[in-house]
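Novice: Given the coordinates of chain A, assemble chains B and C onto it according to the supplied hints.
Listed here are the chains, written in short residue letters.
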Amino acid sequence: MKKASFLEVAQLRHLIEALQQRGYVVLGPTLRQGDLVYGELRTAGDLPVGWRDEEEAGHYRLVKGVDQAFFGCRVGQHSWKQFLFPAHLLLWQARRQGTDWRLEIPIASAAPYAFFGVRPCDLAALEVQDRVLARGRYFDPIYVERRQRAFIVAVNCTRSGGTCFCASLGTGPRAATGFDLALTEVLEDDRHFLLVEAGSKRGADVLGGVTHRPAKAEEAAAAERLVAGAAQNQTKVLETMGLKEFLYNNYENPHWSEVADRCLTCGNCAITCPTCFCHNYHDSLDVAGEVAQRRREWETCFTLDHSYIHGGTIRPSPQSRYRQWLTHKLATWVDQYGCLGCIGCGRCITWCPVGIDITEEVRSLQAAEVKGPK
Amino acid sequence: METIEELLAAHPFFRGMAPPHLAAVAECGRRMQFKAGEFLCRENEEARDFYVILSGSVAVEIFSFRRGPLTTTTVEEGEVLGWLWFEEPYHWHLDARARQVTRVVALEVEALKSRCEKDHDLGYEFMKRYAHHLAVQFRITKLQLVDMYGS
Amino acid sequence: MAPEPEKPDFRPSGAEGLLLPRLFRVESRRREIPDTVTLTLTPAEAGTEWPFAPGQFNMLTAFGIGEVPISISGDPAEPRRLLHTIRAVGAATGTLCRLTRGDVLGVRGPFGTAWPVQEAEGHDLVIIAGGLGLAPLRPAIYRALAHRAAYGNLELVYGARTPRDILYYRELQRWRSRFDVRVHVTVDSAPETWRGRVGVVTKILAYARFDAANTTALVCGPGVMMRFTVQDLMARGVSPEHIFVSLERHMQCGLGLCGHCQLGPLFICKDGPVFSYARVKDWFEKREV
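Residue numbers (the working numbering), protein chains in the order written: chain A, 240 to 613; chain B, 513 to 663; chain C, 502 to 790.
One chain only, chain A, in its complex shape (with noise of 0.2 Å):
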């Protein structure tokens, strides 16, 4: 870690009200009835102290640990896309004039939010998400305008979860760019402290208000071995070499129905994706017939409507369905927007009811591929 900084934890707090201070509206891990959201946190007390994750396919729990952990929970079904890119979103609104229109825009400033607490495969999502929505000609201009002013403070991971794979894609635990601060939470017998290493000038800016010092080597070693730990024990590989030309020479892979027999085509891997992107447009009309209004909202392409032109439904098949979110996802991604759509969080694993696991299926298609000419 370069430059990394010693920071007692009691300076947590501190670092959340320098953000405040400075009108960041601080969202992250919180605890709603029972729940692990991103919330608002107004204390460094809001964060789920003490309480842990524990993922397995189709399985998440909060366990009350021993310790008093800030960062003890790993991801939950939330993303920070929801911030950037929101659920639900007003758009415009028209009032008519006799058989006229006139257009109403929303007017509002947002507070700027500051991210407290992503994990490195989250930050890797948002760079994934930049490419989709922030670049070329026709972009998002809301994603763009809430990114710009966003403040990321990333957590390096010194555990992983049962779903993790972050380390087969190269996107954790650690993170390497792309946020203004970065903590790490050494917890050990004796002692627990945070390393804070600044990304940016605003970064660095923030931390200069807080009490902190250089970290020693041995403070500094013992971050590193939590987190090298975090990566060894993640036990889901995703092997990405020459995926994406076996997924386009695989649609009319054996394994894929097989794998239909099981999905519900529920949606929840795409909604709980940090990186899904598809939304719906929707229009409707006030009861007077006088206000027309258009919103944006997160869709999945699990849905029959999803590729429903006049005629008939291009995917009806749950197969079919199931195989354009995977290779989507794997290999037209990747022609798509230069990276793979996949950042290795395992939320899709952890939140399928019927437990489908993204790397276990590659796995099963790879086996199943029928070799010799097609």
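No lab work stands behind these hints: they were computed from the structure. Wrong hints could be hidden among the right ones.
Covered stretches of chain C (in silico footprint by chain A; criterion: 3 or more residues with CB under 8 Å from a CB of chain A, positions within the stretch not fixed) [unchecked claim]:
no.	segment
1	570-581
2	599-606
3	744-751
Straight-line Cα separation of at most 27 Å, BS3-like style, residue types lysine-lysine; simulated pairs [what the hints assert, rightly or not]:
no.	chain 1	residue 1	chain 2	residue 2
4	A	K303	A	K455
5	A	K455	A	K440
6	A	K483	C	K782
7	B	K654	B	K640
8	B	K630	B	K640
9	A	K483	A	K242
10	B	K654	B	K630
11	C	K787	B	K654
12	C	K787	A	K483
13	C	K782	B	K630
All of these numbers come straight from a predicted model, not from anything done at the bench. Cβ coordinates follow ideal geometry from the N, Cα and C atoms, glycine included.
Specialist: For chains B and C alone, kept in the frame of chain A given last:
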């Protein structure tokens, strides 16, 4: 005035057929001319001729009491109209009506078949062209059935 | 999952062209064939122009009802008027088809790739349309006729379901009456009063005259029609790089962002709708993709 053999030689259906074979086919043929509105054949009529269209336009129709005659296809200069029947009794299953002055060479099917029986080389040359013609018709018919413009 | 309820709190800077419809007024409405109407639109803001390339489309908003992608079917040399030929198949298109002179609608665009009318100069140009597919090709036909000398043979091949379904009937007759264009028309079935050809569009393609090695073909129509037409063109020796098709998918944003219109890695709204057949060949053949 061109002989029937010359007319057939110039017709796309017989392209590439050797002169002796053309001569044999021509012996089964006679020139005919239809006025606009005249039928080359009618549904359920005994079928005797295979028509090689030299010029004009023929509407192949199926008659419906509710909707009147429905044109399913038009046959123009350079095309052929007819089937080769192999099982008696031979009957047309549709109407074919000239839409304007139409000139044809009508080949008598019985005579044609007996020449093909005697000379299998001639038979193969004719059947090759006939089979290709049928394949093209089937493809067209399937596309019409699919109603690709339907909403 | 309980995400925070969203309040409308943004300023869409730079969003005007992308997300917000511009207001247009219906100048005239023309009933074409059953269920199909051509609207002539002018911008509500007087004096503005709307340049577009042949093959592009706009997203048309029927306020409160919905927004649909409709190809521009007018003359690209007249950017002060937008023509759209719309078939009523649902709520939004049905509403648009009932608009009359003076009514206001929203327009976003123009979006999409264009027919290669300029790149095709020096070639024979064969334009093959089926049914409503003649609408997105009409701007290309206008352009070719206006620059007639730049092309070799100009062949227009058109198929419709029945004579009643022939789109732009009078215009087809006018084009056919020119001495430098060949127009071939057929219908799939017809009553006896129809004097033209009956038989599918691929059949009459045989009558078009072109030098396959130096031909650009533009094809638009129902999927089945395009597939078989492309096969016939290739059988005659036209290379897939010189055959262009216009594909259709569920489109909502026109920006390549909502995800609906994907065909493999291609966004039909952004990478298309006009594609060379060479580019989409592999995806054409895959089912349910």
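Novice: Work down the list of hints and note, for each, if the structure agrees.
Specialist: Structure-based check of each hint:
Look at the segment 570-581 of chain C against chain A: 0 of its residues bring a Cβ nearer than 8 Å to a Cβ of that chain, fewer than three, so the hint is violated. Under the rule that three or more residues need a Cβ within less than 8 Å of chain A, the assignment of the segment 599-606 of chain C holds, with 3 such residues. With 3 residues bearing a CB less than 8 Å from a CB of chain A, the segment 744-751 of chain C meets the requirement of three and the coverage assertion stands. Distance check on the hinted pair: A:K303 and A:K455 sit about 31 Å apart at the alpha-carbon level, beyond 27 Å; violated.
Only pairs whose Cα atoms come within 27 Å are accepted, and A:K455 paired with A:K440 is accepted, the gap being roughly 23 Å. Taken as a hint, the A:K483 and C:K782 pair is honoured in the structure, with Cα atoms around 18 Å apart against an allowance of 27 Å. Our distance criterion of 27 Å between C-alpha atoms is met by B:K654 and B:K640, whose separation comes to about 21 Å. Between B:K630 and B:K640 the CA atoms are separated by roughly 17 Å; this keeps the pair inside 27 Å, and the hint holds.
Taking the CA atoms of A:K483 and A:K242, the gap is about 38 Å. The hint is violated against a cut of 27 Å. At most 27 Å may separate the alpha-carbon atoms for a hinted pair to count; B:K654 and B:K630 exceed this at roughly 35 Å. For the given pair, C:K787 sits about 21 Å from B:K654 by alpha-carbon distance, which is consistent with the 27 Å threshold. Of the pairs offered as hints, the one joining C:K787 and A:K483 holds, with about 17 Å between alpha carbons and a cut-off of 27 Å not exceeded.
Distance restraint check for C:K782 and B:K630: the Cα-Cα separation of roughly 49 Å exceeds the 27 Å cut-off, and the hinted pair is therefore not satisfied.
In the structure shown, a violation is registered for the earlier hints numbered 1, 4, 9, 10 and 13, in ascending order.
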